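Peer 1: Put together the whole structure using the sequences plus the hints.
Spelled out, the chains give:
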Amino acid sequence: MAEFAAAVYQNEFLPVGGTDVSAIVSVTCTGAGTAGQGSGGDAGEIIVIDTSGSMGTTAMDAARRAAQAALGQIVDGTYFAVVSGNGAAFLAYPHVQSGPGMVRMDARTRAEAGRAVAALTSGGGTAMATWLDLTGVLFRSVPEVVQRHAILLTDGANNEATHVLDAAVRRAEGLFQCDCRGVGVDWKVSEVRRIAQPLLGTIGIIPTPEAMEAEFAAMMQASMSRGVPDAQLRVWAPLGAQVLFVRQVSPTVEDLTARRTSVNDLTGDYPTGAWADESRDYHVSVRLAAKDIGQEQLAARVQLVVGGQAAAQGLVKATWSDDHSLTARIDQQVAHYTGQAELAEVIQEGLAAKAVGDEETATTKLGRAVQLAAETGNEEATSRLRKVVDIDDEETGTVRLKRSVDKAAEMELDTASTKTTRVRR
Amino acid sequence: MSTDTATACPTCGAAVTPGARFCEGCGAPLAGTDPSAPVPRHEPDEAGPISRPTNRQRVTAPEPAVRPCAACGGEVGPDLYCTTCGTKAPSPRDHYRESPAPWVAGVCDRGVRHTRNEDAMALFADPTPDGGRAVLVVCDGVSSSADSDTASLAAARAALEVLVPPLPRGLGTADSEDAAAAAVLSRAAAAANAAVIANSDPSSDNPASCTWVAAVLEGGTVRYAGLGDSRAYLLPDDGPGVQLTVDDSLAQELVDAGTPRTDAERSPTAHTIVRWLGLDAPDVRPRVGSARVEGPGWLLVCSDGLWNYASEPQALRAQVDAAGVTDPEGLALALVEWACAQGGRDNVTVALARVGSQWADSEVREDHG
Numbered sequence: 001m002a003e004f005a006a007a008v009y010q011n012e013f014l015p016v017g018g019t020d021v022s023a024i025v026s027v028t029c030t031g032a033g034t035a036g037q038g039s040g041g042d043a044g045e046i047i048v049i050d051t052s053g054s055m056g057t058t059a060m061d062a063a064r065r066a067a068q069a070a071l072g073q074i075v076d077g078t079y080f081a082v083v084s085g086n087g088a089a090f091l092a093y094p095h096v097q098s099g100p101g102m103v104r105m106d107a108r109t110r111a112e113a114g115r116a117v118a119a120l121t122s123g124g125g126t127a128m129a130t131w132l133d134l135t136g137v138l139f140r141s142v143p144e145v146v147q148r149h150a151i152l153l154t155d156g157a158n159n160e161a162t163h164v165l166d167a168a169v170r171r172a173e174g175l176f177q178c179d180c181r182g183v184g185v186d187w188k189v190s191e192v193r194r195i196a197q198p199l200l201g202t203i204g205i206i207p208t209p210e211a212m213e214a215e216f217a218a219m220m221q222a223s224m225s226r227g228v229p230d231a232q233l234r235v236w237a238p239l240g241a242q243v244l245f246v247r248q249v250s251p252t253v254e255d256l257t258a259r260r261t262s263v264n265d266l267t268g269d270y271p272t273g274a275w276a277d278e279s280r281d282y283h284v285s286v287r288l289a290a291k292d293i294g295q296e297q298l299a300a301r302v303q304l305v306v307g308g309q310a311a312a313q314g315l316v317k318a319t320w321s322d323d324h325s326l327t328a329r330i331d332q333q334v335a336h337y338t339g340q341a342e343l344a345e346v347i348q349e350g351l352a353a354k355a356v357g358d359e360e361t362a363t364t365k366l367g368r369a370v371q372l373a374a375e376t377g378n379e380e381a382t383s384r385l386r387k388v389v390d391i392d393d394e395e396t397g398t399v400r401l402k403r404s405v406d407k408a409a410e411m412e413l414d415t416a417s418t419k420t421t422r423v424r425r
Numbered sequence: 001m002s003t004d005t006a007t008a009c010p011t012c013g014a015a016v017t018p019g020a021r022f023c024e025g026c027g028a029p030l031a032g033t034d035p036s037a038p039v040p041r042h043e044p045d046e047a048g049p050i051s052r053p054t055n056r057q058r059v060t061a062p063e064p065a066v067r068p069c070a071a072c073g074g075e076v077g078p079d080l081y082c083t084t085c086g087t088k089a090p091s092p093r094d095h096y097r098e099s100p101a102p103w104v105a106g107v108c109d110r111g112v113r114h115t116r117n118e119d120a121m122a123l124f125a126d127p128t129p130d131g132g133r134a135v136l137v138v139c140d141g142v143s144s145s146a147d148s149d150t151a152s153l154a155a156a157r158a159a160l161e162v163l164v165p166p167l168p169r170g171l172g173t174a175d176s177e178d179a180a181a182a183a184v185l186s187r188a189a190a191a192a193n194a195a196v197i198a199n200s201d202p203s204s205d206n207p208a209s210c211t212w213v214a215a216v217l218e219g220g221t222v223r224y225a226g227l228g229d230s231r232a233y234l235l236p237d238d239g240p241g242v243q244l245t246v247d248d249s250l251a252q253e254l255v256d257a258g259t260p261r262t263d264a265e266r267s268p269t270a271h272t273i274v275r276w277l278g279l280d281a282p283d284v285r286p287r288v289g290s291a292r293v294e295g296p297g298w299l300l301v302c303s304d305g306l307w308n309y310a311s312e313p314q315a316l317r318a319q320v321d322a323a324g325v326t327d328p329e330g331l332a333l334a335l336v337e338w339a340c341a342q343g344g345r346d347n348v349t350v351a352l353a354r355v356g357s358q359w360a361d362s363e364v365r366e367d368h369g
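Residue numbers (our numbering), protein chains in the order written: chain A, 1 to 425; chain B, 1 to 369.
Quick caveat, the hints were computed from the structure, so don't treat them as lab data.
It is possible that part of the hints are untrue.
[To be verified] Label pairs and their computed distance ranges (CB to CB):
(1) B/G73 <-> A/S190: 29 to 37 Å
(2) A/D277 <-> B/R116: 33 to 41 Å
(3) A/E3 <-> B/E75: 24 to 32 Å
[As the list claims (entries may be wrong)] Residues from chain A shown here face chain B by an in silico Cβ test under 10 Å; the list is partial:
(4) L239
(5) A241
(6) L266
(7) G294
(8) Q295
(9) A300
(10) L315
(11) T319
(12) R386
(13) K387
[Claimed, not checked] Derived contacts from chain A toward chain B, CB cut-off under 10 Å, selection only:
(14) E3
(15) F90
(16) L91
(17) Q232
(18) Q313
Note that the structure is predicted; figures quoted are calculated from it, not measured.
Glycine is no exception: its CB is placed at the ideal position from the N, C-alpha and C atoms.
Peer 2: Now the structure itself:
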């Protein structure tokens with residue numbers, strides 16, 4: 001049985017007239033078990049492979065091997081399916097015309113699926129909305145599947161209008177989670193992020209086809225380790241208070257503020273998807289009406305809710321004080337993750353500016369990114385930034401854009417921009 | 001019953017919610033305004049084990065399933081914060097009330113500045129004041145010592161236990177009665193001292209310590225005893241009030257040496273007490289005394305959290321009158337709130353018994369038809 005624990009990091013002391021409370025709530029899950037093996041219901045996995053014409057022979061070969069590797073990681077008994085997508089979506093496996101579009105994994109179905117994957121060929125365009133819609137249809141066809149996860153592989157830009165893709169993503173939101181990977185450098189990070197982010201999935205670049213197999217195996221393994229099918233972050237704030245934002249800040253930055261579903265006037269749920277044995281940090285910020293010196297109140301109750309029950313709770317407090325030494329401190333965790341969230345933002349904004357030729361903005365933003373990465377000790381971000389800019393001075397964020405940049409390095413900087421480091425506690 | 005259907009505050013006329021204990025408009029207590037229909041007192045702070053009824057005959061209301069929030073009336077959650085406005089509910093130790101009988105009540109409160117409540121009280125009362133007995137015990141834990149919050153509570157309760165049985169009469173003469181009563185009060189102090197020691201860590205550099213004051217009302221006589229600077233006062237409705245106990249403090253030593261009281265109590269070391277209960281106490285024999293109750297009034301036992309803001313009996317009496325409340329719990333609460341409004345620099349404990357004849361005339365008689 002999975003167990004959750006929550007820890008709160010904050011400076012609860014507010015100065016006279018202070019209104020804004022910030023806290024990092026760290027939620028840890030242990031004993032999650034394996035997907036679909038608990039009493040909650042079955043797990044389902046769908047592998048979505050881009051088979052558009054742009055997938056050349058090498059990429060297609062690698063994609064077939066990657067899909068095989070993923071199939072190998074799916075635990076027996078798990079429902080699964082394979083979708084091939086180009087200008088339309090096709091059910092590659094199981095071979096059914098009607099009824100449930102997924103089958104349970106066993107030795108026979110794994111072998112059959114392997115043969116189906118081996119027979120995939122490339123051709124046609126790219127219409128990801130249709131891929132997502134078919135994936136949704138397949139999941140819905142097997143009601144006993146309660147934990148739904150897909151892996152999507154693409155190699156190129158989508159041929160559909162943005163609003164068509166967005167509409168498909170909205171239909172999928174809350175139905176299944178989707179990890180997305182792009183192979184090569186001809187796909188658009190911003191486009192795929194529009195899928196991965198709402199569908200609570202990761203995004204990554206696989207620069208060379210050879211790396212695909214290991215990446216797919218790892219992704220599927222990670223999904224199989226999520227034994228808690230679904231959970232919500234529930235945030236209560238007092239009457240008259242305003243929740244300024246709720247965002248996941250570790251392992252990646254994901255703003256959840258707009259994804260609130262109301263439980264009651266004071267309480268909202270934010271989606272967190274499935275959980276493995278892991279720890280995630282959330283940054284919650286609440287604005288309160290200022291109270292008198294010495295008054296203490298609760299600023300937020302932050303719970304992790306599984307199956308409608310609070311599995312862990314953290315209390316965010318506020319105490320008004322006239323002691324400057326208490327109120328002036330900024331909690332180390334809050335400061336660290338505030339910096340990391342800004343880091344993700346300026347990297348993305350900097351790269352977007354660079355893409356449209358606004359070098360001045362790009363230089364400023366990426367310079368700030370270099371500065372933040374150094375301040376928050378995110379060495380991985382620093383090394384990724386080094387491939388895109390020449391750093392004159394880390395401390396002041398003085399950088400120059402590199403004249404010739406490896407496209408893959410730039411895309412990697414973009415996809416990994418939301419990854420955060422932890423600060424030692 | 002009139003109180004059940006009343007929709008207007010009898011004091012200010014504002015609309016009140018049925019079942020409300022206090023008027024939202026003027027703050028006047030609404031419960032118990034009709035003595036023929038005692039409104040069950042819901043005790044928000046009795047959810048914890050801290051406050052127990054000391055009178056077996058007391059009518060206790062069923063424990064409320066949820067505690068109401070003092071700030072907004074919402075529900076207090078299991079985490080002790082209001083589920084509506086987030087206000088922290090006082091822990092049972094930080095604020096508790098006792099009312100062993102309608103004529104005796106006390107409020108023990110953390111105050112404003114201190115982070116925990118090291119004051120404590122324990123009360124006993126017969127159901128009616130007609131010849132009835134009341135025992136009021138107040139302790140004030142010394143903040144610089146460890147565990148003084150648990151020690152002070154244990155001390156107050158231990159002393160109460162000794163003082164609940166009627167005092168012995170000795171040989172029946174006045175001297176003999178005084179001596180017998182003094183012996184019991186000393187025994188109560190010794191029991192309180194033992195309780196403090198039992199609740200202190202002997203290896204501590206600052207073992208738990210507290211002041212102690214007890215007042216026993218029996219047959220129109222108040223017998224009192226004290227160690228430290230918690231006090232007992234007798235505040236008649238007519239005529240001058242009197243501070244019964246004498247502090248064991250440096251301020252008092254200054255007063256004894258001729259310094260005016262107001263100056264002495266303003267001196268930087270005024271609150272340094274020279275006698276207390278605890279492992280490091282030099283002497284735990286209390287000063288004892290007695291006084292006759294001549295007319296209607298209040299027996300008040302309190303910690304310095306109250307008298308810091310009104311030391312002279314007439315100043316306290318003025319606050320009693322200003323409160324405009326006649327039920328003991330309402331008055332105790334009003335005095336605690338007044339002390340908090342003055343700054344609440346220390347924990348505040350106020351224990352009250354309505355003494356003399358007026359109570360019987362005006363209210364209790366109706367109870368008995």
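Peer 1: With reference to the structure, classify each hint as holding or not holding.
Peer 2: Cross-check of the supplied hints:
no.	hint	verdict
1	B/G73 <-> A/S190: 29 to 37 Å	violated, 50 Å
2	A/D277 <-> B/R116: 33 to 41 Å	holds, 39 Å
3	A/E3 <-> B/E75: 24 to 32 Å	holds, 27 Å
4	L239	holds, 5 Å
5	A241	holds, 7 Å
6	L266	holds, 7 Å
7	G294	holds, 5 Å
8	Q295	holds, 8 Å
9	A300	holds, 8 Å
10	L315	holds, 6 Å
11	T319	holds, 9 Å
12	R386	violated, 46 Å
13	K387	violated, 48 Å
14	E3	violated, 19 Å
15	F90	violated, 52 Å
16	L91	violated, 49 Å
17	Q232	violated, 18 Å
18	Q313	holds, 7 Å
Hint compliance for this structure: hints 1, 12, 13, 14, 15, 16 and 17 are not met, and every other hint is.
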